[in-house]
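Just need the whole structure built from these sequences, with the hints factored in.
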Amino acid sequence: MSTWDRFVDTFFNGKVMAKYLPDILSGMVVTIELAVLIVITGLGAGLALALIRSLAIRPLNWLIIFIVDLFRALPPLVIIVLIYFGLPYADLSFSGFVSTWLSLALVLMAFSEEIFWAGITSVHKGQWEASRSTGLSFGQTLMNVVLPQALRLTIPPLTNRTIAITKGTALGTVVAVTEILGEASSAMSNSYNPSPLMMGAAAYLVLFLPVVVLARRLERKFAWKR
Amino acid sequence: MATPSIVDARAIHKHFGALHVLKGVDLKVAERELVFVIGPSGSGKSTLLRCLNRLEEPSSGSIVVDGIDMLDPRTDINHARQRIGMVFQSFNLYPHMTALGNVTLALRKVAGKSRAEADRLGRAALERVGLADRSEHTPGQLSGGQQQRVAIARSIALEPRVMLFDEPTSALDPELVGSVLEVMRSLRMSGMTMIVVSHEMGFARNAADRVVFMDDGLIVEQGAPAEIFEHPAHDRTRAFIGQIQRH
Numbered sequence: 014m015s016t017w018d019r020f021v022d023t024f025f026n027g028k029v030m031a032k033y034l035p036d037i038l039s040g041m042v043v044t045i046e047l048a049v050l051i052v053i054t055g056l057g058a059g060l061a062l063a064l065i066r067s068l069a070i071r072p073l074n075w076l077i078i079f080i081v082d083l084f085r086a087l088p089p090l091v092i093i094v095l096i097y098f099g100l101p102y103a104d105l106s107f108s109g110f111v112s113t114w115l116s117l118a119l120v121l122m123a124f125s126e127e128i129f130w131a132g133i134t135s136v137h138k139g140q141w142e143a144s145r146s147t148g149l150s151f152g153q154t155l156m157n158v159v160l161p162q163a164l165r166l167t168i169p170p171l172t173n174r175t176i177a178i179t180k181g182t183a184l185g186t187v188v189a190v191t192e193i194l195g196e197a198s199s200a201m202s203n204s205y206n207p208s209p210l211m212m213g214a215a216a217y218l219v220l221f222l223p224v225v226v227l228a229r230r231l232e233r234k235f236a237w238k239r
Numbered sequence: 139m140a141t142p143s144i145v146d147a148r149a150i151h152k153h154f155g156a157l158h159v160l161k162g163v164d165l166k167v168a169e170r171e172l173v174f175v176i177g178p179s180g181s182g183k184s185t186l187l188r189c190l191n192r193l194e195e196p197s198s199g200s201i202v203v204d205g206i207d208m209l210d211p212r213t214d215i216n217h218a219r220q221r222i223g224m225v226f227q228s229f230n231l232y233p234h235m236t237a238l239g240n241v242t243l244a245l246r247k248v249a250g251k252s253r254a255e256a257d258r259l260g261r262a263a264l265e266r267v268g269l270a271d272r273s274e275h276t277p278g279q280l281s282g283g284q285q286q287r288v289a290i291a292r293s294i295a296l297e298p299r300v301m302l303f304d305e306p307t308s309a310l311d312p313e314l315v316g317s318v319l320e321v322m323r324s325l326r327m328s329g330m331t332m333i334v335v336s337h338e339m340g341f342a343r344n345a346a347d348r349v350v351f352m353d354d355g356l357i358v359e360q361g362a363p364a365e366i367f368e369h370p371a372h373d374r375t376r377a378f379i380g381q382i383q384r385h
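Same order as they appear, the protein sequences are chains A and B.
Taking this note's numbering, the leading residue of the first sequence gets 14, the next gets one more, and so forth.
Taking this note's numbering, the leading residue of the second sequence gets 139, the next gets one more, and so forth.
Check each hint, because a few of them may be wrong.
[Unchecked claim] Covered stretches of chain A (chain B as the covering partner; in silico rule of three or more C-beta atoms under 8 angstroms from a C-beta of chain B):
no.	segment
1	139 to 146
2	158 to 172
[Unchecked claim] In silico lysine to aspartate or glutamate, EDC-like type, Cα no more than 20 angstroms apart, as pairs:
no.	chain 1	residue 1	chain 2	residue 2
3	A	Lys138	B	Asp353
4	A	Lys180	A	Glu46
5	B	Lys161	B	Asp353
6	A	Lys234	B	Glu274
7	B	Lys161	B	Glu195
8	A	Lys138	B	Glu194
9	A	Lys138	B	Glu195
These are computed hints drawn from the structure, not numbers from a lab.
Since the model is a prediction, treat every value here as computed from it, not as a measurement.
Glycine included, every Cβ here is placed at the ideal spot set by N, Cα and C.
Structure representation (structure tokens):
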């Protein structure tokens, strides 16, 4: 066997791949479910916090900043472990799936709040004044004038964060979530062959490339001629 | 004058921290009057204008516009602001909307018009500023002069009782100033009450009913344009007008 053949036999072993493909596919479904839940709840909560922060209620803003800094500073794995192994002591037990979802959604919430907030504050003061001078309320101005401009600015950094944090679903293996990486590594130890890991990598590509493309599209859609 | 004043501001004081920007300003404006406010930068003229629709909160004093006590906490400020149009130095058009979108936003959200009705009123307002054919353009596709005219349309679409102009031509290239002044002149002809902060002395001379000279947070003197420009009573006014006219 040539070196090349040995390489292919090790990393792209047809028999092993065929055997574990169903496992990888079911792992993909779990990863997709997790990712969709994390993105929707994480970004939703992040936007909600940024909007609340724009009301400029001091004690509330201190609380928001504290929460946001906390979840930006903590490693996601630590949060997952705390929720999964720690909360049962407070009579709150979550499955590995829910623990992973909650943890990563909290982290995405924290990062996206900062991004949304930066977008909101970067909109020129004159936009607020023009809108308020025509009689629009604070909320109407925020929703109709400021937020559309802020969101456009936030799409690129938001996409990066969202992808980075969604990839963190792989951390779910620690609490026995059978997502892509979990399936791939158990297949790897059962078959004594790393081919399933390559399939896992391919699965991530298949999952995230469309997300990147979609984000580009969104960026273009929200752009306006200057 | 027997005509009732539509704007009646009394003893307006404004502090920014330790800075005392307005030191007790009284300003009465009659219906259909065009009042020009001039003065060196930092004299408080823009701040005074911004106090009138409460974009700036006066530290003390009273402001009544069209019978509405602007400083009364019970006043619905968003409702009151519909009656007071404001045009800014930097236009402040919404860059993500078309010209028509800019003009119709408040019509729909504040005046409660249907989209069709708002579009109709919006197009009429754009027509009045000579931009009927630009309704689908975004601000980025318009020249500065056109943007400022859209901004004027955005205000007049709400049929305000008073219009405030805060240095409306200061950010424009010289060749674009004329088109904006032209729109202001036609507004005046239609009987709009206007308070204008500007350095366009030529316009002040032939369009204003009254010129108010401010310096250091106070109104130094006021009167008919010819009077202020030809025979200012105060040295400070004379010095300011001399400086402006040398350019």
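Now the hints, each set against the structure:
no.: 1; hint: 139 to 146; result: holds (count 7)
no.: 2; hint: 158 to 172; result: holds (count 4)
no.: 3; hint: A:Lys138 to B:Asp353; result: violated (26 angstroms)
no.: 4; hint: A:Lys180 to A:Glu46; result: holds (13 angstroms)
no.: 5; hint: B:Lys161 to B:Asp353; result: holds (10 angstroms)
no.: 6; hint: A:Lys234 to B:Glu274; result: holds (17 angstroms)
no.: 7; hint: B:Lys161 to B:Glu195; result: holds (14 angstroms)
no.: 8; hint: A:Lys138 to B:Glu194; result: holds (13 angstroms)
no.: 9; hint: A:Lys138 to B:Glu195; result: holds (16 angstroms)
When held up to the earlier numbered hints, the structure conflicts with hint 3 and nothing else.
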